[in-house]
Amino acid sequence: MPDFTLLPDQTILLIEIAAALFVSAFLSFIYVALTTILSLLKLRKTTGTDTDNLLVCDVAYFHCKGKRDNQEDSVYISHLEEAYTNGVIAACSDGMGGLLYGEVVSQYVVEKLAEAYPMKFDDQEANAETIRKISTEVYEQYRLGAGATLVMTHIMKNMMNFYSVGDSNIILIRKGRATLLNHKQNYVSLLIRKLAEGGMDTSEAYRNSRAKALIDFVGNIETNVIHTSRPIQLYEDDIIIVSTDGVTDAVSLHRMSNILSADYGAKQLARILKSGVQNKKLPKQDNFSAVVIKMDRSLI
Amino acid sequence: MIEYYTFKHSGESDSYKDEVYLTVVPSVTVAVFYGSAMKTQSKISPMMFSGLLAEVSRDCDFNRMCGVLDERLPGNAEYLVLRIEGNQIASFRRGGVSARIVINGDLRLLPNGIFGLNTGDRILVATNNFYKYLTNEGILADALVTDSCSEWMNLLVRRISDANQLKCGNLSAVTLLVR
Numbered sequence: 001m002p003d004f005t006l007l008p009d010q011t012i013l014l015i016e017i018a019a020a021l022f023v024s025a026f027l028s029f030i031y032v033a034l035t036t037i038l039s040l041l042k043l044r045k046t047t048g049t050d051t052d053n054l055l056v057c058d059v060a061y062f063h064c065k066g067k068r069d070n071q072e073d074s075v076y077i078s079h080l081e082e083a084y085t086n087g088v089i090a091a092c093s094d095g096m097g098g099l100l101y102g103e104v105v106s107q108y109v110v111e112k113l114a115e116a117y118p119m120k121f122d123d124q125e126a127n128a129e130t131i132r133k134i135s136t137e138v139y140e141q142y143r144l145g146a147g148a149t150l151v152m153t154h155i156m157k158n159m160m161n162f163y164s165v166g167d168s169n170i171i172l173i174r175k176g177r178a179t180l181l182n183h184k185q186n187y188v189s190l191l192i193r194k195l196a197e198g199g200m201d202t203s204e205a206y207r208n209s210r211a212k213a214l215i216d217f218v219g220n221i222e223t224n225v226i227h228t229s230r231p232i233q234l235y236e237d238d239i240i241i242v243s244t245d246g247v248t249d250a251v252s253l254h255r256m257s258n259i260l261s262a263d264y265g266a267k268q269l270a271r272i273l274k275s276g277v278q279n280k281k282l283p284k285q286d287n288f289s290a291v292v293i294k295m296d297r298s299l300i
Numbered sequence: 301m302i303e304y305y306t307f308k309h310s311g312e313s314d315s316y317k318d319e320v321y322l323t324v325v326p327s328v329t330v331a332v333f334y335g336s337a338m339k340t341q342s343k344i345s346p347m348m349f350s351g352l353l354a355e356v357s358r359d360c361d362f363n364r365m366c367g368v369l370d371e372r373l374p375g376n377a378e379y380l381v382l383r384i385e386g387n388q389i390a391s392f393r394r395g396g397v398s399a400r401i402v403i404n405g406d407l408r409l410l411p412n413g414i415f416g417l418n419t420g421d422r423i424l425v426a427t428n429n430f431y432k433y434l435t436n437e438g439i440l441a442d443a444l445v446t447d448s449c450s451e452w453m454n455l456l457v458r459r460i461s462d463a464n465q466l467k468c469g470n471l472s473a474v475t476l477l478v479r
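One line per chain: the protein sequences are A and B, in this order.
Counting from 1, position 44 in the first sequence corresponds to residue 44 in our numbering; the numbering is continuous, with no gaps.
So our numbering is basically just the index in the second sequence, starting at one, shifted up by 300.
Hints may be right or wrong, so weigh each one.
[As the list claims (entries may be wrong)] Derived lysine-lysine pairs resembling BS3-like cross-links, with alpha carbons at most 25 angstroms apart:
| no. | chain 1 | residue 1 | chain 2 | residue 2 |
| --- | --- | --- | --- | --- |
| 1 | A | Lys-157 | A | Lys-267 |
| 2 | B | Lys-467 | A | Lys-212 |
| 3 | A | Lys-280 | B | Lys-339 |
| 4 | B | Lys-308 | B | Lys-432 |
| 5 | A | Lys-65 | A | Lys-120 |
| 6 | B | Lys-467 | B | Lys-339 |
| 7 | B | Lys-317 | A | Lys-175 |
| 8 | B | Lys-467 | A | Lys-120 |
| 9 | A | Lys-280 | A | Lys-67 |
| 10 | A | Lys-65 | A | Lys-280 |
| 11 | B | Lys-467 | B | Lys-317 |
| 12 | A | Lys-212 | A | Lys-281 |
| 13 | A | Lys-194 | B | Lys-339 |
| 14 | A | Lys-175 | A | Lys-67 |
| 15 | A | Lys-65 | A | Lys-112 |
| 16 | A | Lys-175 | A | Lys-194 |
| 17 | A | Lys-175 | A | Lys-112 |
| 18 | A | Lys-194 | B | Lys-308 |
[Stated by the list, open to error] Which chain A residues face chain B? A few, computed with CB under 7 angstroms, are given here:
| no. | residue |
| --- | --- |
| 19 | Thr-179 |
| 20 | Leu-190 |
| 21 | Arg-193 |
| 22 | Asn-220 |
| 23 | Asn-224 |
| 24 | Ile-226 |
| 25 | Gln-233 |
Bear in mind the hints are in silico, worked out from the structure with no lab data behind them.
Just so you know, even glycine gets a beta-carbon here, dropped at the ideal spot from N, CA and C.
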């Protein structure tokens, strides 16, 4: 340790001045550096290039057992480290409760999807064919004795394709409003079409005892895979929920719009949605699973 | 080639007061008249609207046709007229009828004017009462998962039905697809 007491007072004063100047210069440097970084980030937000405008997927999920004996839901999320090259795939499959082996089939479906990864983003028909092939394999194994639903989103570079079989959900929350993107393949669709074409109101369709019966599922013959032929543009703060019907049975789209704010990250959104289902305390709560994706701006 | 599908439903009202007009020769002309929105006693019936359009759409160019409609229809009449010729679409709207077009994975309002069309473009023309129960994201998703205009319309009607069982007053819409 140097002993400054032996130095003349004038020299000590000079050292103190030098130290003060150094500290103020250092603080100024920090201030200028932070200001520059912040203004650069702001500039990227408003006038960025294509690469700068790329959004990233913040992803979270939950996979919960309701009051059923078995967990018949299965979830799949592709490798997020490959998001830039192959996109992000999120899928939920719900084994059909009325049939045997629901949990086996839903698990089989997501395993087959994992095997099919990576999928070509712009070849929607080929991806739909992959799903049809899985369905045919299930059919050949169980001959309509088992089945599952499937909802899948494929997000790449701010665009999204989706695929759906059965009555699970793909929900987009944009500017505080939730929209179910895929239609449920149930009997009520056919009844509505018939009544609407006849110029009648459709209340009778919803009263039909078979209204919710599925008309297509994975495990059916020549399954009709609902899929986008061209992708949907995604925007910052969009929230995408890929879920089984156990979620929407307990939390309506309207309620989702109210409780899921774009201010939260995916993890927090998933936690809120899961609590929303649990708090409903439905006596016959189905298994409930969801992948929640929040579109965020990339800072890298 | 233009594929189209029209939907007209009284929506449990006593009568259907809107009108959907469509001709394909010599060019595709689509018009939707929002008669159910006219609160005061209408001086023009839906049939008169169709008659007037049939009269002026045959020989007139688009601008002149719009001029004649503007001149001869009452001030509170709400309608939209589209004409598709080759790879161009001309649009003119007044009031609560609008057209939305699917472009690059997004849904945009078609303003008044002339615009280019590409194969695969999809357009929805409808009254505000039809749009009221839909979101842009729902309209877009339905457009992108269907191969035909009738399928697209059926999915849209399903959405409205889920909201109100089609007990919501007159519903009028046309889906168009450029083949």
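Verification of the supplied hints:
With a C-alpha separation of about 21 angstroms, the suggested pairing of Lys-157(A) with Lys-267(A) holds against the 25 angstroms cut-off. For the hint pairing Lys-467(B) with Lys-212(A), the CA-to-CA distance comes to about 21 angstroms; that is within 25 angstroms, so the pair holds. The straight-line distance between the Cα atoms of Lys-280(A) and Lys-339(B) is roughly 44 angstroms, outside the 25 angstroms bound, and the hint therefore fails. Restraint check: the Cα-Cα separation between Lys-308(B) and Lys-432(B) comes to about 16 angstroms, which is no more than 25 angstroms; the hinted pair holds.
With a C-alpha separation of about 33 angstroms, the suggested pairing of Lys-65(A) with Lys-120(A) is violated against the 25 angstroms cut-off. Restraint check for Lys-467(B) and Lys-339(B): satisfied, since their Cα atoms lie roughly 19 angstroms apart, inside the 25 angstroms limit. For the suggested pair Lys-317(B) and Lys-175(A), the alpha carbons sit about 34 angstroms apart, so the restraint of at most 25 angstroms is broken. Simply put, Lys-467(B) and Lys-120(A) have alpha-carbon atoms about 43 angstroms apart, too far for the 25 angstroms limit, and the pair is violated.
Only pairs whose Cα atoms come within 25 angstroms are accepted, and Lys-280(A) paired with Lys-67(A) is accepted, the gap being roughly 13 angstroms. Taking the CA atoms of Lys-65(A) and Lys-280(A), the gap is near 14 angstroms; set against the 25 angstroms cutoff, the hint holds. A hinted pair counts as satisfied when its Cα atoms are at most 25 angstroms apart, and Lys-467(B) with Lys-317(B) qualifies at roughly 15 angstroms. With a CA separation close to 22 angstroms, the supplied pair Lys-212(A) and Lys-281(A) stays within the 25 angstroms bound.
Our distance criterion of 25 angstroms between C-alpha atoms is broken by Lys-194(A) and Lys-339(B), whose separation comes to about 32 angstroms. As the CA atoms of Lys-175(A) and Lys-67(A) are separated by approximately 34 angstroms, the hinted pair breaks the 25 angstroms bound. The suggested pairing of Lys-65(A) with Lys-112(A) holds, with an alpha-carbon distance near 23 angstroms, which does not exceed 25 angstroms. Distance hint between Lys-175(A) and Lys-194(A) is unfulfilled; the C-alpha atoms sit about 34 angstroms from each other, more than 25 angstroms.
For the suggested pair Lys-175(A) and Lys-112(A), the alpha carbons sit about 35 angstroms apart, so the restraint of at most 25 angstroms is broken. Between Lys-194(A) and Lys-308(B) the alpha-carbon distance is near 14 angstroms, which keeps this suggested pair within the 25 angstroms criterion. With a least beta-carbon distance of about 4 angstroms to chain B, the hint placing Thr-179(A) at the interface is held under the 7 angstroms criterion. Among the interface hints, the one on Leu-190(A) is violated; its C-beta lies about 10 angstroms from the nearest C-beta in chain B, farther than the 7 angstroms criterion.
For Arg-193(A), the interface hint holds, since its Cβ comes within 7 angstroms of a Cβ in chain B; the closest pair sits about 5 angstroms apart. Using the Cβ-Cβ criterion of 7 angstroms, the hint placing Asn-220(A) at the interface with chain B is not satisfied: the shortest such distance is roughly 18 angstroms. At its closest, the beta carbon of Asn-224(A) sits 11 angstroms from a beta carbon of chain B; the interface hint therefore is violated under the 7 angstroms criterion. With a least beta-carbon distance of about 5 angstroms to chain B, the hint placing Ile-226(A) at the interface is held under the 7 angstroms criterion.
For Gln-233(A), the interface hint holds, the least distance from its beta-carbon to any beta-carbon of chain B being 4 angstroms, beneath 7 angstroms.
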